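Every position in the sequence shown, counted from 1, becomes a number in the numbering used here once 10 is added.
Incorrect hints may have been included.
Below, a list of computed lysine-lysine pairs in the DSBU-like style, where the Cα atoms sit at most 35 Å apart [as the list claims (entries may be wrong)]:
| # | residue 1 | residue 2 |
| --- | --- | --- |
| 1 | Lys42 | Lys28 |
| 2 | Lys110 | Lys134 |
| 3 | Lys110 | Lys77 |
| 4 | Lys91 | Lys21 |
| 5 | Lys108 | Lys77 |
| 6 | Lys91 | Lys42 |
| 7 | Lys127 | Lys77 |
| 8 | Lys42 | Lys77 |
| 9 | Lys108 | Lys121 |
| 10 | Lys42 | Lys29 |
| 11 | Lys127 | Lys28 |
| 12 | Lys28 | Lys108 |
| 13 | Lys121 | Lys134 |
| 14 | Lys91 | Lys108 |
| 15 | Lys29 | Lys134 |
| 16 | Lys42 | Lys21 |
| 17 | Lys108 | Lys127 |
| 18 | Lys110 | Lys26 |
| 19 | Lys26 | Lys42 |
| 20 | Lys28 | Lys91 |
| 21 | Lys108 | Lys26 |
| 22 | Lys110 | Lys121 |
Since the hints were derived computationally from the structure, they do not count as laboratory data. As the structure is a prediction and not an experimental result, all values here were calculated from the model.
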Amino acid sequence: CPAGEVLQLFKTSHTKQKKEYRTQACPACPLKAHCTEAAQRIIVRGFHEDDRQAMHQRAIADPGWMKLRRQVAEHPFGTLKWLMGIPRFLVRGLRKAKAKLALSVTGYNLKRLIAIKTTPALLKALRPCPA
11 CPAGEVLQLF
21 KTSHTKQKKE
31 YRTQACPACP
41 LKAHCTEAAQ
51 RIIVRGFHED
61 DRQAMHQRAI
71 ADPGWMKLRR
81 QVAEHPFGTL
91 KWLMGIPRFL
101 VRGLRKAKAK
111 LALSVTGYNL
121 KRLIAIKTTP
131 ALLKALRPCP
141 A
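Whenever a hint applies, use it, and build me the whole structure from the sequences.
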């Protein structure tokens, strides 16, 4: 609040994952015209707003960090979508989509393993140990 009033938690919505804050001092506030045109101002914050702001500050503090993150974290998703032909899930339900993603990621990991290790070394690593 620009006037220094403490906003109290008014409502929590778990379906929308947000919290709404407001104060009862708005109708008599001298700064109300600068703050809101409504009867009182309501501040809405998401459940994960603190995490989002921390990540934003981290990205501002080290611009190279975000570039590195894009290279490392988003490359597998691009590969899954483009090279492996999985632009979206053609199944219904979260359980089936998770299973489809698990199979796709397993295929991607095998592809990376084959690319990193040479074929003889890979076959040697996959052979069962003598008992």
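Hint by hint, here is what the structure shows:
1. Lys42 x Lys28: holds, 24 Å
2. Lys110 x Lys134: Given that 35 Å is the threshold and the Cα spacing comes to 30 Å, the pair holds.
3. Lys110 x Lys77: holds, 29 Å
4. Lys91 x Lys21: With Cα atoms ~40 Å apart, Lys91 and Lys21 exceed 35 Å; violated.
5. Lys108 x Lys77: holds, 28 Å
6. Lys91 x Lys42: violated, 50 Å
7. Lys127 x Lys77: holds, 27 Å
8. Lys42 x Lys77: violated, 42 Å
9. Lys108 x Lys121: Given pair Lys108, Lys121 holds - Cα atoms ~20 Å apart, limit 35 Å.
10. Lys42 x Lys29: holds, 22 Å
11. Lys127 x Lys28: violated, 47 Å
12. Lys28 x Lys108: holds, 26 Å
13. Lys121 x Lys134: holds, 17 Å
14. Lys91 x Lys108: Holds, because 15 Å separates the two Cα atoms, which is no more than 35 Å.
15. Lys29 x Lys134: It is violated: about 56 Å lies between the C-alpha atoms, which goes past 35 Å.
16. Lys42 x Lys21: holds, 22 Å
17. Lys108 x Lys127: holds, 28 Å
18. Lys110 x Lys26: With a Cα-Cα distance of about 27 Å, the restraint between Lys110 and Lys26 holds, given a limit of 35 Å.
19. Lys26 x Lys42: Between Lys26 and Lys42 the Cα gap is close to 28 Å, so the pair holds against 35 Å.
20. Lys28 x Lys91: Given that 35 Å is the threshold and the Cα spacing comes to 32 Å, the pair holds.
21. Lys108 x Lys26: holds, 23 Å
22. Lys110 x Lys121: Roughly 17 Å separates the two Cα atoms, so the pair holds.
In this structure, the hints that do not hold are numbers 4, 6, 8, 11, 15, in rising order.
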